[in-house]
Amino acid sequence: MNWITNYVRPRINSIFSRRETPENLWQKCDECGTMLFHRELKDNLNVCTSCGHHMQITPRARFKALFDGGVFNEVEVPEPIADPLNFKDQKKYPDRMKAAQKVTGEKEAMLVATGEIGRTPIVAAAQDFSFMGGSMGMYVGNAIIAAAEKAVELKRPLILFSAAGGARMQEGILSLMQMPRTTVAVQMLKEAGLPYIVVLTHPTTGGVTASYAMLGDVQIAEPNALICFAGPRVIEQTIRETLPEGFQRAEYLLDHGMLDRVVKRTEMRDELIRITRMLLGLPPAVQGDLPAPAEGAKSQEGEPPAKSGTAK
Amino acid sequence: MTHYLDFEKPLAEIEGKAAELRALARANEEMDVEAEAAALDAKAEALLDELYRKLTPWRKCQVARHPERPHCKDYIEALFTEYTPLAGDRNFADDHAVMGGLARFHDQPVVVIGHEKGSDTKSRIEHNFGMARPEGYRKAIRLMRLADKFGLPVVTLVDTPGAYPGKGAEERGQSEAIARSTEACLQIGVPLVSVIIGEGGSGGAVAFATADRVAMLEHSIYSVISPEGCASILWKDAEKMREAAEALKLTAQNLKKLGVIDRIIDEPRGGAHRDRPAAIAAVGKAIEEMLDELKGKKPARLVKERRRKYLDMGSKGLAA
Chain D
1 MNWITNYVRP RINSIFSRRE TPENLWQKCD ECGTMLFHRE LKDNLNVCTS
51 CGHHMQITPR ARFKALFDGG VFNEVEVPEP IADPLNFKDQ KKYPDRMKAA
101 QKVTGEKEAM LVATGEIGRT PIVAAAQDFS FMGGSMGMYV GNAIIAAAEK
151 AVELKRPLIL FSAAGGARMQ EGILSLMQMP RTTVAVQMLK EAGLPYIVVL
201 THPTTGGVTA SYAMLGDVQI AEPNALICFA GPRVIEQTIR ETLPEGFQRA
251 EYLLDHGMLD RVVKRTEMRD ELIRITRMLL GLPPAVQGDL PAPAEGAKSQ
301 EGEPPAKSGT AK
Chain R
1 MTHYLDFEKP LAEIEGKAAE LRALARANEE MDVEAEAAAL DAKAEALLDE
51 LYRKLTPWRK CQVARHPERP HCKDYIEALF TEYTPLAGDR NFADDHAVMG
101 GLARFHDQPV VVIGHEKGSD TKSRIEHNFG MARPEGYRKA IRLMRLADKF
151 GLPVVTLVDT PGAYPGKGAE ERGQSEAIAR STEACLQIGV PLVSVIIGEG
201 GSGGAVAFAT ADRVAMLEHS IYSVISPEGC ASILWKDAEK MREAAEALKL
251 TAQNLKKLGV IDRIIDEPRG GAHRDRPAAI AAVGKAIEEM LDELKGKKPA
301 RLVKERRRKY LDMGSKGLAA
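If you read the protein sequences in the order shown, they are chains D and R.
Each step along the first sequence adds one to the number in UniProt numbering, with nothing skipped, and position 2 is 2.
Each step along the second sequence adds one to the number in UniProt numbering, with nothing skipped, and position 209 is 209.
Just to be clear, a hint being listed does not mean it is correct.
Claimed, not checked - Taking lysine-lysine pairs in the DSSO-like style, the calculated list, with each CA pair at most 27 Å apart, reads:
#1 R:316 / D:107
#2 D:190 / R:298
#3 R:240 / D:88
#4 R:316 / D:88
Claimed, not checked - Some residues of chain R that are not near chain D, with every Cβ distance over 12 Å (derived):
#5 4
#6 24
#7 25
#8 26
#9 28
#10 33
#11 38
#12 46
#13 90
#14 104
#15 123
#16 126
No wet-lab data here; the hints were simulated from the structure.
In this text the structure is predicted, and so the values were computed from the model without any measurement.
Idealized CB from N, CA, C, for every residue including glycine.
One chain only, chain D, in its complex shape:
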């Protein structure tokens, strides 16, 4: 090492690096490889502007785009017991949790909120695939139950966006028990006569698909989303059969009668407004962007849904 590498080069670098474009301004589409400008991608809800590929979107970003004026109130989720099995594989479960919390800035793999879409009050829940693969453990179960209870309390529909690799193995049998637990949550909604709409996003697999994600009154999926119980790799390894093109993708499921609709993310909000308003017997919503609810989102809670005429 000499004076040039140790002293001069870092100095030069430090001057230039500040002027360089930060890498995260551009993102490559996973599908077609096009470089996409971050703002443009964000405005298009993480859908590639070149090929239409739907990339992951966080629950928070989704809610910002979904709710009128981007305004929503988070619903508090009862905290489950941490690391119930003292689970340890190559890493300790609490360490995996901490790492996921650090990366995502979120507490857990599901976000629940109340707000309005096209002036239609709803409760929404969205699963976060970036948080340990969106996996369903006690917290996700509690979140879905909290969402259902809130919907019943406020007499609102529940719209749920699923995204998960399945159950959270680190919670063992208790993750499996979220299948019946979340099914009870869905039953609360059904008995209250409230719409339960599921939007399946990429990927939704395993115990999640085999419980609340398949029990909606209306089942919508984003294009090309992988939706299955056993994943394609497991099937290929088990039965050594080559699988057809597009197997277990949203369009394939639509063809096989397992979904009502496949809808682009950019058109999802209007779709959800239309469907919920019809199911609730409300008049059509006003088209286009609406400003945030007039008297602030906080005051909405506890009010019954507007029966008619909220859309001006």
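Go by the hints and put chain R onto chain D.
Relative to the frame of chain D, chain R by itself:
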């Protein structure tokens, strides 16, 4: 011919020696080996006791999957009378991985449903090794609704490695079928009791075992994923199944602590397969007691309590 598991090798040696001695004595009349053989027998018994008293979770998996362990069919034949199988899902097919129908349990008409794994190569293939396809769950749903309509208690016997991972099963809505079956379990206004007699494999098991009362045979297992599957995902090495079995807490003893199951049914010494009639009788007694506990409860109360049970589940972790 007993099928020995790998950890039973020392036992196989001792029992083999005793059998050899006795065979020698039969061929040679002057030889008196009985004392020696009896000593070996005693040693074998002590070893068997020792082995089964502290089975590791992975060994329990092996016992739960033992080919000679009594299966659903054996329980139905021994514990129920007038068993009348009812077939088909009315949509596509009859799934032989799931058996079920009307039967009498101590004269009381019931609906019994369970996974059947098969007992030899031919029947294993016929029953698809106890791995149900959507038709199996849809048949179960149909039978649960039938029971609900006529006020018959439902008994489910769970023994499956998991739902079948196949192309057709996925195309016909494996996940939806499982979800609906779990839903049916939570809707029916009749007593629903479940016994995990071997393997309680993931969603395929939950679809039948979401019950008012769940019992598990002492050496059976109930898990979100097989130890092999868990090991290959979390350890990136399927050979780490021993560690995974340990970590998953999939034994009856742990699940009782977690409040996921209500009771453990003791198995005969050396596992259910060493004394099948005794194991079957113990399961019969547990079913009887569990049904008794639910007797006289009104439909609405049953449903309410069942849902409450699942909503509250897991809130205390291992301290439940």
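Hint by hint, here is what the structure shows:
{"no.": "1", "hint": "R:316 / D:107", "result": "20 Å, holds"}
{"no.": "2", "hint": "D:190 / R:298", "result": "21 Å, holds"}
{"no.": "3", "hint": "R:240 / D:88", "result": "13 Å, holds"}
{"no.": "4", "hint": "R:316 / D:88", "result": "19 Å, holds"}
{"no.": "5", "hint": "4", "result": "28 Å, holds"}
{"no.": "6", "hint": "24", "result": "48 Å, holds"}
{"no.": "7", "hint": "25", "result": "50 Å, holds"}
{"no.": "8", "hint": "26", "result": "48 Å, holds"}
{"no.": "9", "hint": "28", "result": "53 Å, holds"}
{"no.": "10", "hint": "33", "result": "49 Å, holds"}
{"no.": "11", "hint": "38", "result": "44 Å, holds"}
{"no.": "12", "hint": "46", "result": "33 Å, holds"}
{"no.": "13", "hint": "90", "result": "16 Å, holds"}
{"no.": "14", "hint": "104", "result": "29 Å, holds"}
{"no.": "15", "hint": "123", "result": "20 Å, holds"}
{"no.": "16", "hint": "126", "result": "17 Å, holds"}
Consistency note: the structure conflicts with none of the earlier hints.
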